[in-house]
Amino acid sequence: MGVLTVSTKEAARGLSRLLRAVAAGGEVVITARGRPVAVLGPYAGLRRSAVSRLLARSARLRGLTLRETYTEARRDLEKRSVPKARS
Amino acid sequence: MSQRLVLDASTIVAALLPDEPVHGAALTWLERYAAGDLEVLAPTILPYELASSLFAAERRTSRLAPADVDAMLTDLEYLNIELLPVAPTLAVTVARRCGCSPYDAVYLALAEQQKVDVVTADRKLHAAVAPKCRRLQWVEDSP
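Quick note, the sequences are listed as chains A and B, same order. Just so it is clear: in the first sequence, position 12 is 12 by my numbering, and no numbers are missing. With the second sequence counted from 1, adding 87 to any position gets you my numbering.
Hints are computed from structural coordinates only; laboratory data are not their basis. Fair warning: there could be bad hints in the mix.
[As the list claims (entries may be wrong)] Within a straight-line C-alpha distance of at most 27 Å, the following computed BS3-like cross-link-like pairs (lysine-lysine) qualify:
hint, chain 1, residue 1, chain 2, residue 2
1, B, 219, B, 202
2, A, 79, B, 219
3, A, 79, B, 211
Note that the structure is predicted; figures quoted are calculated from it, not measured.
I would like the entire structure built from these sequences, with the hints used as guidance.
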């Protein structure tokens, strides 16, 4: 399925049809006053590319473990908020 | 239908830490979610726990710039993990029963409410709470 180009008015009127086109593997370009302004595309690809970008950046976290990140953040929070058990 | 479960903040953070001992197991959960093979839920506290973990990392290493943290938090939002509220009274009830903090209990309470398991990479939490909460699963135990 290819790229479908529609005007803002067509997009607003036929959103369900456009979503079906996206579900079938297509992409939709939406124009305003003749110029392309937005793309309607599949969500699954967005999630996968977000994961890829996260993993690429995670190289910058080399040398760190949960202890210096998650556990430390929790410690910061809990040392102020969890009272000692009553005796 | 794909499996539905709660991933806690430690699991998601571990998936982003190449040198964390349970990184590989945590990454497998995240990749299964990316592939659409898993439905992930979390309590509404999750994004703030991820933010404070990455902020702690930013303070620890100069390799991680503020712009990297912002970009990672945006990408974590793009994951669109389904965030659900948990009543504070329920969190406290579970905290009393399981002997953990209300912050941990929020995840356990959500898992009980939704009748799904919760995966953690927090070794201390798992050791302390797993005997009292059968829904708590260790990150390295495959489903």
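Here is how each hint holds up against the structure:
In summary, the hint linking residue 219 (chain B) to residue 202 (chain B) is supported, as the alpha carbons are separated by about 16 Å, within the 27 Å threshold. Between residue 79 (chain A) and residue 219 (chain B) the alpha-carbon distance is near 24 Å, which keeps this suggested pair within the 27 Å criterion. Between residue 79 (chain A) and residue 211 (chain B) the CA atoms are separated by roughly 16 Å; this keeps the pair inside 27 Å, and the hint holds.
In terms of the numbered hints stated before, the structure departs from none.
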